[in-house]
Amino acid sequence: MTLIIADHNNAELKVSTRNVLQAATTLGEVQILVAGDGCAAVAEQAASLNGVSKVLLAEHPAYAHQLAENLAPLIVEVGASHSHILFSAGTEGKNVAPRVAALLGAPQLSDIIAVESEDTFQRPFYAGNLIATVRVLNAVKVLTVRTTAFDPVADGSSPAPVEVLSASVAADSALSSFVSEQQTESERPELSSASVVISGGRGMGTGESFALLEAVADKLGAAVGASRAAVDAGFVPNDMQVGQTGKIVAPQLDIAVGISGAIQHLAGMKDSKVIVAINKDEEAPIFQVADYGLVADLFEAVPELERAL
Amino acid sequence: MKVMVAVKRVADAYVKVRAKSDGSGPDLGNVKMSINPFCEIGVEEAVRLKERGVAEEIIAVSVGSTASQEQLRAALALGADRGILINSGEQVVEPLGVARLLHRLLEREPCDLVLLGKQSIDGDNNQVGQMLAALWGRPQGTFASELSIDESGVQVTREVDGGLQTVALRLPAVVTTDLRLNEPRYASLPNIMKAKRKEIVEHSPDELGVDISAQMEVLKVEPPPQRQAGVRVESVDELVDKLRNEAKVIT
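Line by line, the protein sequences are chains A and X. Just so you know, the first sequence maps onto residues 225 to 533 in the working numbering. Just so you know, the second sequence maps onto residues 378 to 628 in the working numbering.
Hints were generated in silico from the structure; no laboratory data involved. Here the structure is a predicted model, which means the values were calculated and not measured. Careful, some of the hints might be misleading.
[As the list claims (entries may be wrong)] To be clear about the criterion: a stretch of chain A counts as covered by chain X if any three or more of its residues have a C-beta under 8 Å from a C-beta of chain X, and this derived list gives those stretches:
#	segment
1	266 to 273
2	356 to 366
[To be verified] Examples of chain A residues lying across from chain X (beta carbon under 7 Å, computed):
#	residue
3	A326
4	P331
5	S334
6	Y350
7	S400
8	S401
9	F402
10	D442
11	K443
12	G458
13	N462
14	A474
15	Q476
16	G517
17	A532
[What the hints assert, rightly or not] Non-contacting residues of chain X with respect to chain A, defined by C-beta distances greater than 10 Å in every case (computed):
#	residue
18	K409
19	V431
20	E434
21	L483
22	R515
23	D538
24	Q542
25	R547
Yeah, the Cβ is synthetic: ideal placement off N, Cα and C, and Gly gets one too.
Could you put the whole structure together from the sequences, leaning on the hints where they help?
Now the structure itself:
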């Protein structure tokens, strides 16, 4: 039986849990663990997903901020009898999953992009330049799932039961505590789940010129991203970074503006359905992966694009 | 306080690594090797802690073959005080094995803070720090972009999806570095010379009582499916037309 650890903010289930559920569909019966504080509504949402047999709900103030020190013992207790424990490969999953695996004495496989059988999976490494097919020999398989590789599962016809877990472990480890968080405010969709992404690179020249991309994004309902070069140049904050060391995106449409196409950036977006490159350097490697390439000065082409939409 | 920092020898970030022709693994023959960039950020942070008078001693540790001495020397040149090589020969040690080795080492060399890169750019696993924290029974501050230490513990600002999260950890603790934590310095020539005289001690996994046999089997390593280059469009109007009527990704 598979256990999926739900991604949520105590009010809403994140779509990434639906992607993880898709990855689990060939692995047999699936339960979802919703651990948080005041998150019963999330459990209801998880119960409505197609193919879920049961939702386990663990509520405690110590779980409110998904601190790994508090969550890992809970997941170990709940998941020890499961064959697979799945997390999405976002920052929360990547934070907690290895801690769970180590407590179980099990290896962990990161960022899986395909399930070949119940013990064999594919994952990218070397910044996406290579794909490894790996068999996990341990009885318990702890996996993080690259959400962009799996389509989200829809709601089912009848909801699964929700079982409330009584806190049988000391929920608060007292090792760590939450201090604060600073959410990037944005009217636009989240990068990792947006269906259209427009990203700028070093060619943008300044942070101010990202306003050109935002204007296009507003017309397309797109998220705005950046290459590592643009982030390192200080144009925009790191949470906008698309690439191997940033966010992985795979939208229907990715528009790369003033991006040369370094391996590091390509690793983060090359699974997009349609890639558009706008760059004045016709030799830029980005054109080798772009479905539609436009050799042009971005400062003319992007405003023109905005007007044409 | 005593700080341990882990460093890994990896293929240089600017090398495009290919698969061996038999698909058994990455082809690292004649590939330039470097210190993993995230580990280098960890070393830099440890050195800054020492410069601020917070850390008294920095121990750089690497798990790998004898060749990893080169990366330990690089860490010593940046300012680590001494090095420890856990010599695993040519065997690839899985993240849990590395965490177990570091955990055993911490029993011999008690430290208040362990700094590691959030991931190595070869395996891209992003696991060792979290696994070490679990085995050690200590808190973890992953993907750190800022850290501050006082008597009560360490505050770590973490780069998380959608923004930043700050957590307070009791010491001893494990912190893994993200790109924004600092910009590593270049080692000066005098410091490179000085590093040659610093001590590197070797241990074997056996000596530390850790079984590093694999719990995963790599069946195949291959390049990802290649994307074909598409077409060049001549104008924005042509682009919009193609997106609307050919690719049908906008309305």
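List of violated hint numbers, smallest to largest:
1, 10, 11, 12, 14, 22, 23, 24 and 25
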